[in-house]
Amino acid sequence: MTRLQKLILSRLALGVVTLFAVSALMFVGIELLPGDLAQQILGQSATAETLAAFRAELGLDQPPHLRYLDWLSGVVQGDFGQSLASRRDVAELLSTRLANTMFLAAYAAVIAVPIAVVLGLLAALWRNTLFDRSANIGALSAISMPEFFVAYLLILVFSIKLGWFPTLARIDSVDTLGGALHATFLPALTLILVVIAHMMRMTRAAIINVLAAPYIEMARLKGVPRWRVVLRHALPNALAPIINVIALNLAYLIVGVVVVEVVFSYPGLGQLLVDAVASRDFPVVQAVGLFFAGTYILLNVAADILSILSNPRLRHGR
Amino acid sequence: MGNLLTIRDLRLEAGSKTDPTVILEGLDLDLDRGEVLGLVGESGAGKSSAGLAAMGFVRDGVRIAGGRIDFDGTDLARASHATLRRLHGRRIAYVAQSAAASFNPAHRLIDQFAEGPLLHGTADAAAAHDDARALYRQMRLPNPDEIGFRYPHEVSGGQLQRAMTAMAMACRPDLIIFDEPTTALDVTTQIEVLGAMRDITERYGTAAIYITHDLAVVSQMADRITVMRHGREVETAATQRMLESPEQDYTRSLWAVRSIRKPAETGPAEPLLTLDGVGAHYRSFKALDGIDFALARGRTTAVVGESGSGKSTLAKVIAGLMAPSEGRVLWDGAPLAGDHAKRSRAQLREIQMIYQMADTALNPRHTVRETLDRPVAFFTGLRGKARRARVRELMELIELDPDTFLDRRIPELSGGQKQRVGIARALAAKPRFIICDEITSALDQLVAEGILKLLIRLQKELGLTYMFITHDLATVEAIADEVVVMKEGRIVEAGPRGQIFEAPQQAYTRRLLASVPQMDAGWLDRARRDAAEARSAETAA
Amino acid sequence: MTQFTSFAAPSRRGFLAGSAAAGLALGMGLTPARAAEPQKGGTLRVGFTQGSTSDSLDPATYSNDFMFATSYAVFSTLVEIAPDGSAKPDLAESYEATPDAATWTFRLRDDATFSDGKTVAAKDVVASIRHHMGEQSKSGVKPLLEQIADIKADGDNVVVFTLKSGNADFPFIFNDYHLTIRQDRGDGTIDPDSRIGTGGYVIEAFEPGVRIELVRRDDYWKQGAAHFDKVVILKVGDAAARMNALMTGEVDLIDRPDLKTIHMLERNPNVRIHTQDGTLHYTMPMHVNTAPFDDVNVRMALKHAIDREAIVQKVLKGYGTVGNDHPIASSMPFYNADLEQHAYDPEKARHYLGKAGLDSLDVTLHTADAALNGAVDASVLFSEAAKAAGINVGVSREPDDGYWSNVWLQKPFCTSYWGGRPTPDLMFSAGYAAGADWNDTNWQNERFNELLVAARAELDQGRRAEMYGEMQKLCQTDGGALIPAFGQYVSAMNQKVQTPEKVSEMWDLDSQRFIERWWLA
Amino acid sequence: MTLLRTAPPTAIFGLLVLAATLLIGLFAPLVAPYGETEIVGAEYLPWSAEHPLGTDNLGRDMLSRMIFGARNTVGLALLTTGIAFSVGAALGMFAALKGGWVDQLMSRAVDVLMAVPPLILALMLLAIIGPSIPNMVGVIAVIYLAPVFRLSRAAAMNVVALDFIGAARLRGEGTVWLLRREILPNISSTLVAEAGLRFCFVFLFIAALSFLGIGIQPPTADWGSMVKENATLITFGDVTPLIPAGAIALLTVSINFIVDWMLHRASGLKS
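Protein chains in written order, with UniProt numbering: chain A, 1 to 318; chain B, 1 to 541; chain C, 1 to 521; chain D, 1 to 271.
Just so you know, these hints were derived from the structure itself, not from any lab.
The structure displayed is predicted, hence computed values, not measured ones.
Glycine is no exception: its CB is placed at the ideal position from the N, C-alpha and C atoms.
There could be a bad hint or two in this list.
[What the hints assert, rightly or not] If the Cβ cut is set under 10 Å, some of the chain A residues that face chain D in the computed set are: (1) 174; (2) 177; (3) 181.
[Claimed, not checked] From the derived model, a few chain D residues whose C-beta atoms are all more than 12 Å from chain C: (4) 113; (5) 154; (6) 162; (7) 190; (8) 211; (9) 233; (10) 234.
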């Protein structure tokens with residue numbers, strides 16, 4: 001297993017390097033953005049004098065590289081600094097949003113992943129049947145509508161017509177888990193509809209791909225029933241691509257949900273990041289950006305490791 | 001009328017119902033309990049399809065269009081999936097050509113062994129495991145008690161093939177289909193596997209259909225032989241009769257393959273290419289070690305060895321695809337750069353290579369014309385008419401009709417035609433030296449023979465120098481002037497063909513020679529004895 | 001003096017009488033008459049368009065409705081603007097000026113207390129105002145306060161402001177949401193993040209850019225105000241989401257409904273649309289010191305080449321009124337109703353072009369929706385209409401971000417807007433006076449500037465009306481600002497939410513004082 | 001033609017829809033009853049003879065907008081995917097061919113690019129360079145470059161291992177030849193399949209950008225933005241926004257039918 005451990009370590013190290021690159025990239029990005037926090041907040045009422053004063057207070061008058069290094073030295077000591085705008089600790093600012101984002105992602109994932117995989121398996125099992133085709137078309141139609149539009153449709157049906165679920169996912173206003181699940185059902189459902197298609201298609205493709213292998217024919221010639229061929233002989237060998245696409249979609253559920261957050265005015269990290277970018281609040285942008293990048297990287301590493309574990313050849317390589 | 005299996009007038013079709021491609025036509029087979037039937041034929045003869053059909057199984061897109069497959073009272077041609085599932089593995093088992101590909105990489109050998117018995121309810125897990133150990137032992141697998149707990153990739157090809165035979169025996173079937181089970185193996189391993197297979201079928205009185213293109217092999221295994229061609233039966237006879245007095249011409253032509261001989265050129269010849277203490281590494285693993293020998297101008301030198309002997313690495317080094325870690329390669333007496341990128345245009349032109357797998361050696365997206373046109377233009381700089389003429393000339397050299405073939409895409413060619421195009425591509429450069437890397441091992445014998453004859457002719461006409469990389473001693477015997485025997489990256493023995501074949505000095509060489517299947521029924525037993533002795537001799541030496 | 005104070009600090013009865021009259025006369029209060037007597041109690045849930053995670057309680061940085069409303073609910077100001085547009089003491093009990101209107105004395109109420117029980121003292125006021133003045137201040141109102149020469153506390157509840165020059169409208173300044181009163185830390189400064197205020201509500205929970213929850217103070221010193229027990233403001237950025245929330249009853253009140261679909265929203269029986277004329281107006285400032293805008297005829301040509309009606313209809317969806325190229329809204333004091341209305345008239349435009357010695361004109365209009373949602377559409381409509389007058393208005397779309405820093409005041413011709421100013425003086429001195437920070441037309445009209453100074457110190461209402469009237473004319477005929485339309489403030493609420501007959505029209509939602517002034521049925 | 005005869009009904013359907021869309025887009029000015037931005041009547045007119053799909057929020061003819069939308073939407077998507085794939089595939093194949101540190105460097109760079117959430121990346125980049133259409137095309141192309149790079153690199157890896165590449169190298173062929181003539185033809189089917197989906201994602205992405213206020217700017221008609229412009233209507237049960245949304249869905253499904261078929265043929269050729 002040492003080989004595996006080595007691999008994990010090297011991948012994580014690589015991840016850290018990538019993170020630095022990302023943070024630098026984002027910093028440069030924010031520097032390039034027209035206007036700075038002072039201008040954004042003062043808006044039309046800005047005058048040269050007030051701007052200067054504001055910048056001085058925020059330390060924006062320092063040269064960029066100094067600000068970056070300053071920030072970086074803070075981060076390596078685990079201090080993400082304060083929001084320039086609200087003077088709150090970034091860590092504290094993130095914590096609640098982070099929890100919300102994770103909750104919604106988990107909610108959607110727990111439902112979407114199993115459904116997608118099962119549908120994929122069935123589609124592969126009953127390949128080219130009516131079920132396969134309709135599942136495929138349904139999936140495609142689902143991903144071919146803009147997220148916010150799916151959301152509006154769901155709102156129309158479930159809130160306005162039926163009145164079953166709220167249109168504002170006010171997770172802050174509920175205290176029980178049940179309440180939370182109810183309040184955030186529609187955003188979760190939207191996300192589920194968005195991610196399911198991709199995973200399902202990949203699962204199907206991966207399984208069908210493996211079904212061409214000689215050992216599948218061997219299994220059938222041993223008298224193994226079809227469903228068992230798919231589950232026991234095909235699935236284990238198709239895990240790697242499936243795991244990877246799942247990881248990709250999990251990353252999306254955490255990282256890419258800004259639009260859904262806006263529609264349901266759900267206080268997640270996405271809106272925080274968009275706001276922070278709009279107001280040029282770079283410690284916040286950096287922190288959220290790094291978290292997103294980190295999530296993406298970790299999920300990918302995790303996926304690789306799982307795929308390796310799922311494959312005996314790689315698991316204990318010679 | 002066989003008392004176990006009777007196939008009558010079987011017809012298999014593929015493709016559209018309206019104009020189907022016929023795979024099998026009017027096939028009749030009979031098999032008694034405990035009898036072994038050999039199915040012989042070239043690729044595309046339909047022998048594999050016949051073997052699978054004997055199980056009532058057809059591959060996707062293929063269908064049984066007529067005839068009966070009567071297995072012990074049930075007509076498999078019309079049996080339901082459920083019925084077939086009950087028979088498969090339980091009473092009819094299958095041993096595939098490539099055990100490496102046919103074992104599920106995700107599960108341990110013994111679990112795959114036990115799957116059948118558990119599904120068919122012939123044994124519980126514990127019993128199945130014990131039985132597995134027993135069969136592994138009978139198949140003479142090394143440490144049979146634990147080998148089952150390994151994953152396929154942890155076991156060598158020869159051992160996997162035996163493990164698969166054991167798996168096929170798991171439910172003690174009445175019939176086993178062996179589909180080219182030893183084709184992928186080295187000759188020395190082949191002997192052991194063949195032996196083990198024969199013993200176990202005899203032991204349990206299991207009937208078998210043994211499918212192969214290798215007559216020598218089948219003559220060791222089968223009681224009767226059926227020769228097939230283009231999905232039809234050519235002739236069937238008891239093994240002895242089939243070997244001694246085949247009736248059909250086609251059968252004779254098959255037998256004849258082993259008869260070509262190029263008159264060996266002996267006597268002195270100045271070296272074209274010299275290897276001087278050449279060694280090569282894959283990371284820490286030493287693939288080549290202290291290789292010294294010279295390739296004589298205008299001669300054919302065969303480099304023989306089993307897989308892992310380093311012969312292909314040697315080819316890479318000479319071609320410049322891999323830089324030697326020590327020693328030098330001299331071309332016309334002048335040192336040759338290790339990396340092809342550092343070699344002169346002239347050197348690149350003069351040293352050409354022909355590859356084992358014609359379908360990966362030629363770009364499947366190109367036409368024959370594109371494939372040849374480029375090197376012609378690249379090396380000779382010819383343009384327009386002259387270039388087109390040269391391309392046609394090349395086609396004639398390799399005996400393919402330009403008008404028919406020039407505009408075909410590579411996938412539309414047969415294996416032999418592809419290999420010829422590969423040769424033409426090499427010739428396009430007007431080379432002096434051609435490396436032939438296992439160029440016939442993927443081809444049927446008749447086709448292979450054609451290629452060999454072609455190469456011999458070209459050598460005469462163009463005064464080429466060949467280096468033949470191969471594991472097939474029949475090929476060596478056919479065309480080599482000089483022979484170099486390799487093992488584990490070293491040269492075991494080198495010399496003129498005559499000397500190596502008539503008076504081999506080294507024990508390994510002897511064993512190698514002894515392993516080449518012969519067409520007399522007693523060969524296998526002899527070979528196994530000799531091999532045993534030879535191995536002990538090697539260990540002694 | 002008496003006459004003056006009666007204007008500056010009218011008695012309560014006077015104010016009520018006046019407002020009723022105004023209500024009838026001006027025919028405002030488009031909303032049907034409602035239960036006169038406010039009721040206490042209930043929770044008001046509001047969905048707001050604006051509000052950002054970068055919001056903070058520091059009064060110097062308030063930049064969106066979310067914080068304006070919060071500020072007025074949690075803190076209070078010396079002066080508030082009454083629904084009729086006049087200034088009315090709030091934390092101040094009364095104020096009076098010396099005849100030259102250059103020295104102002106504010107007397108604080110003695111019953112006003114902070115939410116921690118302390119009474120409001122003069123030093124608190126001084127510290128609070130100072131927070132927005134001086135070198136290191138980053139406050140948006142800083143320019144407004146530059147007229148102040150000195151502030152000092154006279155005893156515990158008197159504050160005296162000495163101005164650089166007389167200003168009759170000085171009290172109006174203190175309505176500004178920035179200028180809320182905080183506690184003096186003891187060192188003459190305030191703690192900008194402190195939640196202790198003098199308003200009717202205290203903060204229960206505040207998550208910037210998400211929500212704020214306010215509960216009523218039982219010990220609120222002001223009578224007949226702050227009726228809701230609890231107020232929750234949610235930031236709901238997406239228009240559709242806001243309207244859905246209102247229809248499903250998840251909120252009681254939303255601002256800025258989507259004008260595209262408001263007609264459908266209106267069909268919903270338990271939804272009421274509330275509109276109020278405002279002081280908010282689109283402007284297209286031209287730099288009068290840059291060619292070709294340095295020629296007054298070119299300016300007049302452009303002023304006649306724009307189809308104001310079309311903009312009101314298509315961009316404001318009818319929720320607005322045409323502008324007349326001066327910034328004074330009809331709801332503001334001293335509005336000049338006699339001015340002849342500029343209208344779309346290609347012929348006239350050509351005529352002016354001719355006077356400028358041109359037969360065609362090419363100008364570029366820099367715009368972005370940052371300058372007010374719909375500015376781009378307005379610009380497109382403008383350039384369509386102008387073609388008929390042989391004027392080619394090229395529309396150049398600028399990035400929203402940094403628009404105010406990179407385009408406004410920089411480009412010679414762009415789109416902009418002005419939010420409410422309570423008095424002509426504040427409006428003019430902010431954007432039209434020579435040397436004003438935000439004189440976005442670089443307009444320097446001597447007569448105008450004389451009048452501005454004179455009118456500021458003039459105490460006779462009649463004379464002021466004439467002066468401001470003339471100034472509006474000067475703006476219209478000579479000024480550099482093309483002002484096509486005034487926007488209405490539109491909000492939507494369910495039937496429970498009750499509004500007074502007349503609301504203050506300077507900003508949206510009763511000038512963002514709705515939390516204190518509105519109630520639930 | 002023989003191709004078409006072998007095509008399954010789904011693929012034929014897909015091809016028909018795609019062809020129709022392309023034609024309509026191509027000849028939009030001829031087909032459309034009114035101009036793209038022309039205001040022809042009151043807002044939200046119901047479906048009628050002269051306005052088959054009614055009018056939109058500014059009183060523009062819905063049908064005409066749809067037709068011009070086809071042109072802009074498909075045009076943009078084509079352009080964007082075109083750039084992303086030509087550049088991404090070239091780089092990917094190059095990395096696979098060169099291997100070693102070149103490959104490492106490029107792959108890591110792509111990792112960084114992919115680690116930043118696409119929408120955020122787009123928001124920032126567009127805020128920096130301004131939300132004009134060319135800029136948007138560029139930005140989305142850059143964002144899609146990363147996955148295309150990965151895909152083509154992976155695919156090319158398998159090809160590079162094959163002997164005919166070795167043969168071409170031994171011949172001393174230059175990089176460009178190896179990429180264009182030897183590798184590209186062998187991974188094209190994989191790329192096409194990916195392109196199918198990406199192509200559709202482009203206008204979804206644009207729609208998302210419009211939603212956040214930085215997509216295609218009015219009055220240009222494009223399906224994604226049209227969904228956005230009229231999206232609020234759906235909450236009142238008005239089907240107007242379903243028209244562009246439906247168009248997108250139809251096109252996506254069609255294109256994927258074609259892609260699936262192509263993949264099937266490609267895999268068929270291999271076996």
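Here is what the structure says about each hint:
no.: 1; hint: 174; verdict: violated (23 Å)
no.: 2; hint: 177; verdict: violated (28 Å)
no.: 3; hint: 181; verdict: violated (23 Å)
no.: 4; hint: 113; verdict: holds (23 Å)
no.: 5; hint: 154; verdict: holds (38 Å)
no.: 6; hint: 162; verdict: holds (49 Å)
no.: 7; hint: 190; verdict: holds (38 Å)
no.: 8; hint: 211; verdict: violated (8 Å)
no.: 9; hint: 233; verdict: violated (6 Å)
no.: 10; hint: 234; verdict: violated (8 Å)
Of the numbered hints stated above, those contradicted by the structure are hints 1, 2, 3, 8, 9 and 10, listed in ascending order.
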